[in-house]
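**Q** Now for the letters of each chain:
There are 2 protein chains.
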Amino acid sequence: MNKTQWIPIVCLRVIAMVSTFVATVVMVTSHDSAKVLGMTFQAKYNNSPTLRYFVVVSIITTIYSLGALFVPPKKLGRHVLVLDLIVLSFLISSFSAAVGVGQLGKEGNSHAGWLPICGQVPKFCHHVTAALIAGFVAVIIYFLLIIYNLNNVLNLVAFKA
Amino acid sequence: MNKTQWIPIVCLRVIAMVSTFVATVVMVTSHDSAKVLGMTFQAKYNNSPTLRYFVVVSIITTIYSLGALFVPPKKLGRHVLVLDLIVLSFLISSFSAAVGVGQLGKEGNSHAGWLPICGQVPKFCHHVTAALIAGFVAVIIYFLLIIYNLNNVLNLVAFKA
Numbered sequence: 001m002n003k004t005q006w007i008p009i010v011c012l013r014v015i016a017m018v019s020t021f022v023a024t025v026v027m028v029t030s031h032d033s034a035k036v037l038g039m040t041f042q043a044k045y046n047n048s049p050t051l052r053y054f055v056v057v058s059i060i061t062t063i064y065s066l067g068a069l070f071v072p073p074k075k076l077g078r079h080v081l082v083l084d085l086i087v088l089s090f091l092i093s094s095f096s097a098a099v100g101v102g103q104l105g106k107e108g109n110s111h112a113g114w115l116p117i118c119g120q121v122p123k124f125c126h127h128v129t130a131a132l133i134a135g136f137v138a139v140i141i142y143f144l145l146i147i148y149n150l151n152n153v154l155n156l157v158a159f160k161a
Numbered sequence: 001m002n003k004t005q006w007i008p009i010v011c012l013r014v015i016a017m018v019s020t021f022v023a024t025v026v027m028v029t030s031h032d033s034a035k036v037l038g039m040t041f042q043a044k045y046n047n048s049p050t051l052r053y054f055v056v057v058s059i060i061t062t063i064y065s066l067g068a069l070f071v072p073p074k075k076l077g078r079h080v081l082v083l084d085l086i087v088l089s090f091l092i093s094s095f096s097a098a099v100g101v102g103q104l105g106k107e108g109n110s111h112a113g114w115l116p117i118c119g120q121v122p123k124f125c126h127h128v129t130a131a132l133i134a135g136f137v138a139v140i141i142y143f144l145l146i147i148y149n150l151n152n153v154l155n156l157v158a159f160k161a
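Taken in sequence, the protein lines are chains X and A.
For the first sequence, full-length UniProt numbering gives the first residue as 1, with consecutive numbering after it.
For the second sequence, full-length UniProt numbering gives the first residue as 1, with consecutive numbering after it.
Next up, chain X with everything else stripped away, as it sits in the complex (with noise of 0.2 Å):
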């Protein structure tokens, strides 16, 4: 792998990293509470194992990217491309999970009887809003690295078949 093809993996990579550190970081401190029939009624991320899992997620690929940033460009063998499709087959996950309960958060289902809670925790659902961007831009990111590596090997077939 030479220099050009190397500055964009690193690029993408840091972007990467700062989005999850960005989606762990809003999502931990979404907070909120409100009164419900005379009752206090705390939000918080930790309540949802779905959006522990989305934190869990973020926080490792955030350790991934800052680990992959050191190595060596020669060293970028299958082993760290099959690691990159593992780490956004997670982020997909993780974000997809956290979209459908976040979906019930914000408008509820009437036919199962659960009531949406934004409109009494606003600042709790901004919070989640926020963090899932940062996290559908970490998906975005990892996408295009494994297409840009992908498309790095496959002309390196055609150039030597």
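These aren't lab readings, by the way, just hints derived from the structure by calculation.
No copy labels: a pair is met if it fits in one copy or bridges any two.
Taking lysine-lysine pairs in the DSS-like style, the calculated list, with each CA pair at most 30 Å apart, reads:
#1 Lys106 x Lys44
#2 Lys106 x Lys35
#3 Lys123 x Lys44
#4 Lys123 x Lys106
#5 Lys3 x Lys74
#6 Lys123 x Lys35
Computed from a predicted structure; not experimentally measured.
For chain X, the structure is supplied; the task is to place chain A on it using the hints.
**A** For chain A alone, kept in the frame of chain X given last:
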């Protein structure tokens, strides 16, 4: 691509196609009703946007997997690899979102005041669980398909280097 590389790809695509077809049929036929406080309560997959999304992705993957079987081995280039990656992304996304919502159906979320519904509509929940298992099989198969194709391409690079 030679014949020994082509046969595993055809087998994986057929398994993925059957899994997503089964996931679609099992999810679409999920239906149950219960009487709660004298009112009849209907549980259907199309009451949830997340489960509708799961069905749409399963149908598209079934059609795509069938279509991809007719692509001649020599034309299996980067476009098919990128399309496979997009299909895997949507499979993971729809599966994870449906698991997130399914977990709420099973366990509820006491903090948000969302009661579990599986006690009232067990037949519906069994169908959704079975569809999710079939969806998970499709995720694993598409993941293996991409790793296998990637491995073939990378071996070609190593061989020609």
